[in-house]
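Enquirer: One line per chain: the protein sequences are A and B, in this order. Our numbering puts the first residue of the first sequence at 1, with every later residue one more than the last. Our numbering puts the first residue of the second sequence at 403, with every later residue one more than the last.
Hints may contain errors.
The calculated DSBU-like cross-link candidates involving lysine-lysine, where the alpha carbons are at most 35 Å apart (straight line), are [stated by the list, open to error]: (1) K274/A <-> K810/B; (2) K818/B <-> K252/A; (3) K474/B <-> K38/A.
Everything labelled a hint here was simulated from the structure, so no lab data went into it.
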Amino acid sequence: MKKTYKLFSCFLFAPFIISAQTAIKAGTIYTVSGAAIKNGIVLVKDGKIENVGTDREVSIPKNYTIVEAKVVTPGFIDARSVVGFSGALNIPTDQDQLEKSSPIQPELRAVDAYNPEDKLVKYVRDYGVTTMHTGHGVGALVSGQTMIVKTKPGKVDDVTLVPMEMLAMTIGTAVQSNFQSPGTKAKQIAMIRAELLKTQAYMQKQNDKDSSKHPATDLKYEALSKLLKGEVKALITVNSSNDIMNAIRLAKEFNFKLVINGAAEAYKLIDEIKSVKAEVILHATMARNGGDMVNMTRESAAILTAAGIPVSIETGFEGYVPKTHVLIYEAALAVAYGLPYDEGLKCITLNPAKLLGIDKRVGSIEKGKDADLVLFDGDPYEYLTNVCKVMIDGIWVSDNCK
Amino acid sequence: MRKKLWLLSLSVLAGSVLFAQTKPVAFKGGTIYPIAGKPITNGTLIVQEGKIIAVGDASLKIPADAIVQDAKGKVIMPGIVDTHSHLGGPEGGDNSSALNPDTRAFDAINPTSDGFKKALAGGLTTLNIMPGSGHLMSGQTVYVKMREAKVMEDLIIVNEKGVFGGMKMANGTNPMRGTNGFPGTRAKSAAMDRDLFVKAQEYKKKIEKAGKDSSKLPERDLRLEPLVEVLQGKRVVHFHTHKENDILTAIRLSQEFGFRVVLHHVSEGWKVYEQIAKANVPCSIIVIESPGGKLEAMDYSVTNGAALSNAGVLTGFHTDDGVTDSRLLIRNAAMAVKAGMSKEKALEALTINGAKMLDLSSRIGSLEKGKDADFIILSGDPFSVYTKVEQTWVEGKKRYDIKNPEDKAFLVGGYKVYSTDREEYHNHDDEIGNQ
Numbered sequence: 001m002k003k004t005y006k007l008f009s010c011f012l013f014a015p016f017i018i019s020a021q022t023a024i025k026a027g028t029i030y031t032v033s034g035a036a037i038k039n040g041i042v043l044v045k046d047g048k049i050e051n052v053g054t055d056r057e058v059s060i061p062k063n064y065t066i067v068e069a070k071v072v073t074p075g076f077i078d079a080r081s082v083v084g085f086s087g088a089l090n091i092p093t094d095q096d097q098l099e100k101s102s103p104i105q106p107e108l109r110a111v112d113a114y115n116p117e118d119k120l121v122k123y124v125r126d127y128g129v130t131t132m133h134t135g136h137g138v139g140a141l142v143s144g145q146t147m148i149v150k151t152k153p154g155k156v157d158d159v160t161l162v163p164m165e166m167l168a169m170t171i172g173t174a175v176q177s178n179f180q181s182p183g184t185k186a187k188q189i190a191m192i193r194a195e196l197l198k199t200q201a202y203m204q205k206q207n208d209k210d211s212s213k214h215p216a217t218d219l220k221y222e223a224l225s226k227l228l229k230g231e232v233k234a235l236i237t238v239n240s241s242n243d244i245m246n247a248i249r250l251a252k253e254f255n256f257k258l259v260i261n262g263a264a265e266a267y268k269l270i271d272e273i274k275s276v277k278a279e280v281i282l283h284a285t286m287a288r289n290g291g292d293m294v295n296m297t298r299e300s301a302a303i304l305t306a307a308g309i310p311v312s313i314e315t316g317f318e319g320y321v322p323k324t325h326v327l328i329y330e331a332a333l334a335v336a337y338g339l340p341y342d343e344g345l346k347c348i349t350l351n352p353a354k355l356l357g358i359d360k361r362v363g364s365i366e367k368g369k370d371a372d373l374v375l376f377d378g379d380p381y382e383y384l385t386n387v388c389k390v391m392i393d394g395i396w397v398s399d400n401c402k
Numbered sequence: 403m404r405k406k407l408w409l410l411s412l413s414v415l416a417g418s419v420l421f422a423q424t425k426p427v428a429f430k431g432g433t434i435y436p437i438a439g440k441p442i443t444n445g446t447l448i449v450q451e452g453k454i455i456a457v458g459d460a461s462l463k464i465p466a467d468a469i470v471q472d473a474k475g476k477v478i479m480p481g482i483v484d485t486h487s488h489l490g491g492p493e494g495g496d497n498s499s500a501l502n503p504d505t506r507a508f509d510a511i512n513p514t515s516d517g518f519k520k521a522l523a524g525g526l527t528t529l530n531i532m533p534g535s536g537h538l539m540s541g542q543t544v545y546v547k548m549r550e551a552k553v554m555e556d557l558i559i560v561n562e563k564g565v566f567g568g569m570k571m572a573n574g575t576n577p578m579r580g581t582n583g584f585p586g587t588r589a590k591s592a593a594m595d596r597d598l599f600v601k602a603q604e605y606k607k608k609i610e611k612a613g614k615d616s617s618k619l620p621e622r623d624l625r626l627e628p629l630v631e632v633l634q635g636k637r638v639v640h641f642h643t644h645k646e647n648d649i650l651t652a653i654r655l656s657q658e659f660g661f662r663v664v665l666h667h668v669s670e671g672w673k674v675y676e677q678i679a680k681a682n683v684p685c686s687i688i689v690i691e692s693p694g695g696k697l698e699a700m701d702y703s704v705t706n707g708a709a710l711s712n713a714g715v716l717t718g719f720h721t722d723d724g725v726t727d728s729r730l731l732i733r734n735a736a737m738a739v740k741a742g743m744s745k746e747k748a749l750e751a752l753t754i755n756g757a758k759m760l761d762l763s764s765r766i767g768s769l770e771k772g773k774d775a776d777f778i779i780l781s782g783d784p785f786s787v788y789t790k791v792e793q794t795w796v797e798g799k800k801r802y803d804i805k806n807p808e809d810k811a812f813l814v815g816g817y818k819v820y821s822t823d824r825e826e827y828h829n830h831d832d833e834i835g836n837q
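All chains should be modelled from the sequences, with the hints used to inform the complete structure.
Expert: Rendered as structure tokens:
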């Protein structure tokens with residue numbers, strides 16, 4: 001079976017250059033882990049970055065296919081998306097991001113729903129996104145699990161980096177519109193606390209020396225146990241400052257690892273966020289500025305970065321048109337509104353790689369890392385610049401500049 | 403701090419009032435895109451009493467009493483015309499009927515809406531505000547200038563045909579509710595439109611027959627009166643349409659009844675640009691960030707701007723705010739340029755083309771002597787991500803200045819900048835396609 005897959009993917013990639021050994025010569029290489037390299041070379045061998053440096057430091061071995069570009073960056077990492085779950089068509093049969101039968105369902109696995117064939121996967125890949133943290137959406141107290149995928153063509157198992165990354169949670173008015181109960185903010189918190197207390201009891205029973213007292217396996221509490229054991233983080237979508245505080249209080253009470261997602265008003269709570277070492281993912285600011293996000297600012301990334309909080313940027317969730325945002329343009333807007341130039345790239349590469357725990361493999365152009373690269377014909381942030389080529393694991397997956 | 407801000411805004415206000423009323427104001431040294439002609443480097447723009455009195459190069463004589471503003475390094479272009487906006491809460495028809503020619507957005511809009519500050523931050527000076535697309539005909543649209551306003555009368559602008567709005571129509575899935583007097587199919591949608599227009603034709607005949615004898619006039623009919631204006635070519639139909647077949651239906655209806663139409667959104671315009679060009683029908687297009695979210699717009703393409711304008715179609719842009727943000731309309735034009743539209747045509751699409759669609763091109767849309775002093779000052783290239791609208795002037799008054807912190811807040815956002823109960827938060831969530 002594996003073999004058939006391989007054959008199939010060979011066939012699929014036939015129009016692209018299959019190149020185990022590639023040299024990319026570029027006017028500027030933004031490695032992100034270090035300073036930008038002028039007149040540099042990236043060598044790619046067997047899907048990994050073999051070497052990177054200036055054209056004086058790195059020589060191109062024989063038999064390497066040479067590709068030229070004005071600018072090269074690492075493949076972008078969308079810190080949180082629902083692409084592959086919230087389908088482009090927006091009809092009931094392609095909407096798998098939110099199960100409304102119950103407000104707390106941590107047992108819903110992302111791998112069982114991800115659709116790598118959705119039109120939007122290719123769309124974001126063509127704009128340089130090579131890795132996505134995607135999964136169950138916003139709108140339930142616990143909507144399910146998230147996963148990390150590469151955006152390259154292939155079946156779910158072939159493109160999955162991490163099958164269970166975090167638990168997707170939401171505190172906010174969206175939850176109340178999706179369920180009869182919770183109908184208030186206080187009820188939202190009470191319901192989450194009750195389930196986490198039950199999880200603690202479940203874990204305690206599991207640890208009982210007398211195995212006859214062990215509880216029957218419960219998928220819900222198995223998933224929540226992973227959170228309380230610190231094996232996965234809570235990805236809590238919270239935007240208003242009081243909802244952010246609720247998430248922080250929960251993290252303190254139950255001692256779990258917190259990622260504050262959306263975070264429209266995070267700029268008001270810098271000390272509080274630091275006090276629990278919470279990580280922050282900012283929602284695309286080109287989203288509609290309504291509902292819980294009414295107080296967001298385009299300067300959020302600049303403000304938080306200046307305060308020493310590492311920022312990741314996400315395309316997040318859209319319920320209507322457009323179905324997804326474009327990650328590079330969100331970083332560009334943050335840069336246009338005060339974020340230092342290099343930090344903009346960091347917010348969509350190395351910072352999310354660290355937050356997701358995959359920085360040994362992706363997030364920067366360094367020897368030994370996955371050969372996930374994006375080639376541009378100009379300043380990556382500029383509206384009129386094109387993404388020319390995209391490489392994932394050493395294979396060209398997008399070719400737009402003819 | 404608060405006091406300082408207040409003082410600052412007072413002085414800004416005082417300044418703009420002074421500017422508008424008496425002395426000429428001259429902007430020197432910037433690059434001017436007059437739209438009516440080639441770009442002028444090191445140009446001069448002079449305005450007085452709400453009008454443009456001169457546009458030229460550095461040799462243009464500046465009146466001795468003029469207040470001179472240095473615009474070196476800046477770009478000056480006409481104020482942007484948004485041909486399709488929902489700012490201010492423009493409700494039209496309700497669930498009682500699919501056809502509502504009698505309802506006026508004018509009666510619903512909040513003239514003091516803070517959404518208009520957002521428009522100013524984006525460099526928009528004239529808007530066509532329309533009711534939604536959930537009806538075959540949702541009502542009369544309203545043409546407004548981003549003036550300071552207390553009441554709607556302060557905002558409206560009467561056009562060359564003597565009206566201050568168009569008629570909003572829609573086809574495709576949005577009005578196809580299939581219940582309660584709403585159509586369930588495309589053919590029924592067109593039949594209902596045609597039925598109403600036939601009635602309007604008869605009503606118009608009666609009026610014409612009566613001539614000057616008012617005793618022979620038919621009884622007043624609020625539903626048919628605005629449609630007589632439509633049939634007379636005074637009031638333009640703004641037709642929401644996405645798919646190829648729906649685009650052609652809208653054109654067919656306009657030809658059958660002889661009304662003037664501007665097609666809006668036109669998601670599949672790239673498939674039928676030849677037919678649109680042949681029918682000589684203008685298109686007000688939207689540029690969106692990604693495809694999807696709405697089934698009938700799945701074949702939307704960012705190449706619409708290039709395809710339509712290259713075919714000679716009068717092409718303009720719109721925000722459909724809140725579908726896209728008023729602060730980003732110029733950016734949307736940049737996206738169309740990236741997809742193959744010429745920069746020159748994209749700038750025209752942001753300005754003069756929209757003015758033509760609203761029958762306002764004798765007053766707005768280009769920087770020419772005698773036209774309204776509606777213009778914006780940009781920090782640089784209109785198509786760059788780093789460029790910002792620094793000043794927005796409407797009829798000779800500075801309505802937005804990025805140096806004023808209160809104005810800038812409406813560009814950037816932040817805590818309680820926009821009120822949470824904004825009535826114009828128009829996200830189409832109620833429409834079919836998002837079920």
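Enquirer: Hints first: check each against the structure and report whether it holds.
Expert: Going down the list of hints, with the structure as the test:
A distance of roughly 29 Å separates the Cα atoms of K274/A and K810/B; the hinted pair therefore holds under the 35 Å criterion. Of the pairs offered as hints, the one joining K818/B and K252/A holds, with about 28 Å between alpha carbons and a cut-off of 35 Å not exceeded. Distance hint between K474/B and K38/A is fulfilled; the C-alpha atoms sit about 32 Å from each other, no more than 35 Å.
This entry satisfies every hint, going by the numbered hints stated previously.
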